[in-house]
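Read in numbering that gives the first Met the number 0, the sequence shown has 180 at position 181, and its numbers run on one by one without any break.
In short, the hints are calculated from the structure, not lab data.
No experiment lies behind these values; they were computed from the predicted model shown.
Each residue gets a CB set at the ideal place from its N, CA and C atoms; glycine is no exception.
One should not assume that every hint holds.
[As the list claims (entries may be wrong)] Label pairs and their computed distance ranges (CB to CB):
1. Gln148 with Tyr105: 27 to 33 angstroms
2. Thr138 with Lys185: 31 to 37 angstroms
3. Glu115 with Asp21: 42 to 48 angstroms
4. Gln229 with Thr138: 21 to 27 angstroms
5. Leu146 with Gly214: 14 to 20 angstroms
6. Gly58 with Thr187: 25 to 31 angstroms
7. Lys210 with Ile161: 28 to 34 angstroms
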Amino acid sequence: MAKVIAPFKIVGTLDNLTFYLDQEKNNLVKTKGKSGITSKQFHENPIFTKAKNHGKEFGKCSKKSQNFRAIAFRYNKRAKDGSYAGRANKLMLEIMNEDTINEHGYRTVEEGLKSEEARTYFIGFEGNKTRTLPKVLKTKWIWNDQLNQLTINKFNPKKHIIWPETECDNIHVAIASANWNFLENKFTTEYSEEIILNKEEKPTNILLETKQPEGNDLKLVFLFIGFSIQERKKVKELPRINNTVSIIWSK
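Model the full assembly from the supplied sequences, consistent with the hints where possible.
Shown next as structure tokens:
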């Protein structure tokens, strides 16, 4: 058998290969129906090329995903579920699949993002899959990319929001506008003010705006919706599993 050396763990089957963790949590691979393979066989036998190429590409996507997840960290740390990192890795893999220039094993997210279609893959990406934007917000919103403004007209907190089952009093709404230089793994993020409204407040017009983020690479806009309890003069935010952050626009 052979030991897999990578910044991630592989468990499962690929063609006639079985990847697994032993009692010491070592990541090993063996062929089906055989007791195992040697490290030399793993590195030299072409039957393992597909698995090695997949591992290399997954490693690159994982690193790119770390940078992507940091873009709106202020919101992502307040609204995410246990599948967040894995779904971000999957998104990077889907974008990498748009790279039709390089061979399998050498494809990159950067090349994939040259595709206009791949840039739309970000829209609808959720920090918290259990509380997606369509499951929380029941009214229309308008995004103006020229002014960097989001508006929700005649917003009624009690009527237009699906509130968490947990008792809460207030809703928090904010946006972030970002430019991601994915070639250099750098980003600039501008945050709006955070509007807090009581559940019983009368309908109101919401206007959120940010400064234009510096740069002209990949533009992303995040909408955050959180919830809190009012304890006298103190506002206590609910755990992040109740909150929502979604990418609503990209270019």
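Quiz item: Do the beta carbons of Gln229 and Thr138 sit within 21 to 27 angstroms of each other?
Solution: holds, 23 angstroms
Exercise. Hint says 25 to 31 angstroms; check whether the CB-CB distance for Gly58 and Thr187 agrees.
Key: The hinted range 25 to 31 angstroms holds for Gly58 and Thr187, with Cβ atoms some 27 angstroms apart.
Quiz prompt | Consistency of beta-carbon spacing, Lys185 to Thr138, with hint 31 to 37 angstroms | solution = With a Cβ separation near 35 angstroms, Thr138 and Lys185 satisfy 31 to 37 angstroms, so the hint holds.
Exercise. Take the C-beta atom of Lys210 and the C-beta atom of Ile161, compute their distance, and say whether it sits inside 28 to 34 angstroms.
Key: holds, 31 angstroms
Quiz item: Is 27 to 33 angstroms right for how far apart the beta carbons of Gln148 and Tyr105 are?
Solution: About 42 angstroms separates the Cβ atoms of Gln148 and Tyr105, which means 27 to 33 angstroms is violated.
Practice problem: Can you let me know if the beta-carbon spacing of Leu146 and Gly214 is within 14 to 20 angstroms? | Solution: Hint holds: Cβ distance 18 angstroms, inside 14 to 20 angstroms.
Quiz item: Within 42 to 48 angstroms or not, the Cβ separation of Glu115 and Asp21?
Solution: Given about 45 angstroms between the Cβ atoms, the range holds.
In terms of the numbered hints stated before, the structure departs from hint 1 and from no other.
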